[in-house]
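Number of protein chains: 2
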Amino acid sequence: MKASQFFISTLKEAPADAEVVSHKLMMRAGMIKRLGAGIYNYMPMGLRVIRKVEAIIRDEMNRAGAVELLMPVVQPAELWQETGRFDKMGPELMRVKDRHDRDFVIQPTSEEVVTDIARQELRSYKQLPKNFYHIQTKFRDERRPRFGVMRGREFTMKDAYSFDRDEAGATKSYQAMFAAYKRIFDRFGLEYRAVAADTGAIGGDLSHEFQVIAETGEDAIVYCPTSDYAANIELAEALPLLAERAAPGQTLAKAPTPGKSTCADVAALLGLPLAQTVKSLVLATDELNEAGDIVATTVWLLLVRGDHELNEVKAGKVEGLKNGFRFATIAEIEEHFGCKPGYLGPIGLKKPVKIVADRTVARMADWVCGANEVDAHLTGVNWGRDLPEPDVVADIRNVVEGDPSPDGQGVLAIQRGIEVGHVFFLGTKYSKAMNATFLDETGKPALMQMGCYGIGVTRILGAAIEQNHDERGIIWPASIAPFQVAICPIGYDRSAEVKAAADALHQELLDAGVDVILDDRGERPGAMFADWELIGVPQRVVISDRGLKEGALEVQGRREAEASKVAPAEVGAFVKARLSA
Amino acid sequence: MKASQFFISTLKEAPADAEVVSHKLMMRAGMIKRLGAGIYNYMPMGLRVIRKVEAIIRDEMNRAGAVELLMPVVQPAELWQETGRFDKMGPELMRVKDRHDRDFVIQPTSEEVVTDIARQELRSYKQLPKNFYHIQTKFRDERRPRFGVMRGREFTMKDAYSFDRDEAGATKSYQAMFAAYKRIFDRFGLEYRAVAADTGAIGGDLSHEFQVIAETGEDAIVYCPTSDYAANIELAEALPLLAERAAPGQTLAKAPTPGKSTCADVAALLGLPLAQTVKSLVLATDELNEAGDIVATTVWLLLVRGDHELNEVKAGKVEGLKNGFRFATIAEIEEHFGCKPGYLGPIGLKKPVKIVADRTVARMADWVCGANEVDAHLTGVNWGRDLPEPDVVADIRNVVEGDPSPDGQGVLAIQRGIEVGHVFFLGTKYSKAMNATFLDETGKPALMQMGCYGIGVTRILGAAIEQNHDERGIIWPASIAPFQVAICPIGYDRSAEVKAAADALHQELLDAGVDVILDDRGERPGAMFADWELIGVPQRVVISDRGLKEGALEVQGRREAEASKVAPAEVGAFVKARLSA
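Protein chains in written order, with the numbering used here: chain A, 163 to 743; chain B, 163 to 743.
No lab work stands behind these hints, which were simulated from the structure alone. Please note that a few of the clues may not be correct.
Note: identical chains are not told apart, hence a pair may lie in one copy or across any two.
To be verified - Computed list of lysine-lysine pairs in DSS-like fashion (alpha-carbon distance at most 27 Å, straight line): (1) K174 - K292; (2) K174 - K606; (3) K292 - K479; (4) K516 - K186.
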């Protein structure tokens, strides 16, 4: 490919609305162009990366036995009503009416449509297992689209759906997809982790996120450097940090803490370690009658150590909180605690409150909490002596660096990651809602066991850049770079020798199947080099009269500080060897 | 590919709503599956064809110097308001509001978005010419979707847009696309014609439709078998069929024609050739004031020979009718002609009427027309003697088979075709509306000259089948067949020899880059053969114990009545030779 036959459009400055580095660099490198909020044109340079990402995904999905089809972007609402998602989903589901006033959605995913296909096409156990996938345009009307392709509204996703006879089969399908995803992410050349994720109401442990490691990632991922353990922060189990509860050593006392409403302030004032304090969080659950009116409300006090954070996903697994909870109102808090927030605690309640203690809190002795009195805290608090044992003891906090690994193999570390893939066992959630059955060996109808497996194709670009960039621009892994090699001739128009050498190398690399671009735009060397560094092409070859005369052309990898000098006759072989390394 | 790892789903009967053969066969062969009116899932077998069509298009577009990008499916209404299409287009433009109540459209084409890209990115004459294309999902909310992928609502289209400095450049871009389209359609292996088409208000002669020839096609295409002339029926020029007007030979007379209101009936009653009669068609044009009220109406009488048909596109080019016309109301007709339709003519008018005679009618003598009196016609009518010369003489009729070719090289023939591609010079229509300018050599802003070039990707499938099928199913051209070869082993599970031979041939063909499927489903031979004939795979190899023993395996082309017997060791080479032939 010659640059003059392609389209290159780089910018010195990123537009002001680009907040994160990948967004800035994709705009500057001319990979995307904003059309509207969260809606981008994929410009030729960016589309080449997308196509390479898609090709790797397609190759490995096919290898894993999945079969590609293509489901529509615009889908009839009827199917979405069958599963209830048409009504349950918020405005992120883009709804549209046709000329006959019939409802449609612009697909954010395709569980409904693929289940509809399966219930019609997969009628016998002999046709199972089957895994259908497509790579298609999706739309989610995000409340606040941002970060370029990282949280856009229109995006490209690969979504696969497996159908099995039973859970054992579904587990095998899941594992095949898990293995395919590892191959896919290996081939992308990105540093990533497959982390266990919450399965929600489905249960079981068949849910993994594929997270691309990046300091700028929105997700916290937890792993054990000395074992295989890895989970996202929602799921990672926090073991109790104390082996057992110590005997009380202090008497219960009230300490004045004027204006100190946070654990950190109280600990500092009292000269105690933060780990001696306990944080109070007040939730509420409502019981509704059939008409949907609230007939009873329960107030809950959740206690976590002062240096820990509540994990709402874990809280949502506590018996009594499973069907949803909310934060209590100020009125409810004052009614039950006789005090405004900032000084709350489990002792001296005005009305009964359900007390849930984190595992670590349940083993603490001589701790500090609010006195249910403004500007006062209690010290030397002890379970059993000063208050009853908690109603519930549960893991309700986020793990922190240094916590023991749940597998007993070391301590936990935390990294930031960007979720770009998710494999998930769905069970019969959709097959039940849509009555997707097959005839089993005995001729009886049985519900299909399903799994779903997504990869955010366009998001991969953002994640790859967040992980791989420097002050000069993007650093693409070779497998997904828009071009693998940029030939930069100096004086292509002026020097017959330079032109001949550049054209010959271009042809030699093309013939070898290398994805090469010859920059024949006639830019000055500085601007030309800066463009290819910004765009992030892995290898650059500079062809100049001087280099040819001296028998030493410059080949420089994008991450290298210095160029290698290579004899002109050997440049082709040198570059090919680098790319196959 | 082994069939067990793919997905094959054939039907004995087509669903009742499938009206045309391509729709029926695509449903029966499991290529598409209906999701809603005009909305289809592309099943694995159909998607393979789509991908092959896309690959050929992409290859030739790139070769012609066009650059691929990807524009969004959901597009902000603002751009569509700039060109006025948001308001002007009817309900076939699918409009949608986002969560903030902002207007969007689901793209039917992308002129607005690509022009927006061009006006931002192409700032200098040095960047021109440039041709951007994408292959993307489109949506048109058709009033009556039908014929499967031939007139669906959601479909895949390749649309390209060229930007040039001037008309000479745009003409070159147009010609490059025209040549690329010919290569594309040649590679599809379809019989087609590039026919000149109407350019509407743009003018000039840079508009061609690529029509796939099929008896079932909706379009009439006109060509000259002894020259290059080809045009669609809207455009094809009708020359006058008479060299000059003969002198009057008859006197004007009134003939009673009770109940005979068509030319054919009148000719039969009077014992005259149909070509002696003249048909009257009454149109009206309204003059509006600034408030949009009608301030004046002109009634027009268009005259074509009794055996000819009015061509409304041509009529729309007559001075005075260019800004739109309508058919006259019965009241207007009675007011001007003093008679109801069926017996109208240009003689004895009650009020002034503009008379437009087709070129042939203007040269007729002694003709027959309505007498403006119920149940009566005039015979022996002659221009100049019985009525004034016509106000306008113009080509306003469709050509018919046997008409002289406008290029003087023979006579015209007519075929049916399916429009699957269109190349069109847009001029400054969009660049003017959206102010897409570039700086020319003198540093002054100038409007870009545009062209647009579409191919209906999914429609190609329907057109290919309409052209190539028989009573057993589809007959795909090899270049776009879902598979090129089907290996049909008889007793794959039972016979080790059959399995070994089938597996070996499968591998040999795969290694040679042949797109082959090995049918390991264990179907009985009859059902297996019927499936591959229905699906339309070009070559079939049957591997049986008997064939192996006798040293003669059966290779049969989809269009062949008999199989060729080929020695097992030579089957691979035989098939490869056939495919490369």
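With 27 Å as the alpha-carbon cut-off, assign the pair K174 and K292 to within, between, both or neither. between (49 Å within a copy, 23 Å between copies)
My question is about K516 and K186: at a cut-off of 27 Å on alpha-carbon distance, are they close within one copy, between copies, both, or neither? Classified as neither; 49 Å inside a copy, 65 Å across copies.
Could you figure out if K174 and K606 sit no more than 27 Å apart (CA to CA) within one copy, between two copies, both or neither? between (66 Å within a copy, 25 Å between copies)
Between the shortest in-copy and the shortest cross-copy C-alpha distance, which are at most 27 Å for K292 and K479: within, between, both, or neither? Classified as neither; 33 Å inside a copy, 58 Å across copies.
Checked against the numbered hints above, the structure violates hints 3 and 4; every other hint is satisfied.
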